[in-house]
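A.B. asks: The chain contents come next:
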Amino acid sequence: DSGVTQTPKHLITATGQRVTLRCSPRSGDLSVYWYQQSLDQGLQFLIQYYNGEERAKGNILERFSAQQFPDLHSELNLSSLELGDSALYFCASSATGTENYGYTFGSGTRLTVV
Amino acid sequence: TQLLEQSPQFLSIQEGENLTVYCNSSSVFSSLQWYRQEPGEGPVLLVTVVTGGEVKKLKRLTFQFGDARKDSSLHITAAQPGDTGLYLCAGPHSGNTPLVFGKGTRLSVIA
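Residue numbers (the working numbering), protein chains in the order written: chain A, 1 to 114; chain B, 1001 to 1111.
Simulated from the structure, these hints should not be mistaken for laboratory data.
Glycine is no exception: its CB is placed at the ideal position from the N, C-alpha and C atoms.
Heads up, some of the hints might be wrong.
[As the list claims (entries may be wrong)] Subject to a maximum C-alpha distance of 20 Å in a straight line, what follows is the list of computed EDC-like cross-link-like pairs (lysine to aspartate or glutamate):
1. B:K1070 to B:E1054
2. B:K1056 to B:D1067
3. A:K9 to B:E1017
4. B:K1103 to A:D40
5. A:K9 to B:E1054
6. B:K1103 to B:E1017
7. B:K1059 to B:E1015
8. B:K1057 to B:E1041
9. B:K1059 to B:E1017
[Stated by the list, open to error] Here chain B is said to cover these stretches of chain A; the calculated rule only asks that three of the stretch's residues, wherever they fall, bring their Cβ under 8 Å from a Cβ of chain B:
10. 19–30
11. 102–112
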């Protein structure tokens, strides 16, 4: 157990639907990162939050949004889902947002859009 | 264009063999990290290298950061089936930006 909790572990939904992925960071970590992993693209950075505020944005589609709540858990919302959104979605956390010390990843949510 | 290129993409070897996988970039990185990912799990941090020319050892794994801080290698001695997994290198593209990842080397060690 890495200390980063992601739910649900698996999600199957239809095109056009909306889903919410949830992440609880490791205790004491203020930074949360969301990544998308597909076979052809590898791990792609989506968005980072630090202590409730958006800090960095990557290749996140406009149909996707995220937030970090006062208790530091984070949610990634995916809407108007397309077949191509099927992927593994990982949440990671770090203590300070200082990248040199590495991230702790959760076990991921496998999203299948049918 | 992938900022971090990893090679080889796939590697299948027999137990007891030695191997080296590579992570290369045309950009300078302040640090590089190596992760191992097993099926159904998230990546797990193995090591961070910070200084050009730095060598770090973790049991049978040896990590090296290039002198110019543009590349890194991972050498495994006497590979075991438990080493099987996806090996990813990652680093902050510039300053304190979130990590960018290579696509990884998928290693299979056959008993």
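A.B. asks: Broken hints, numbered, in rising order?
C.D. replies: 3, 5, 6, 8, 10
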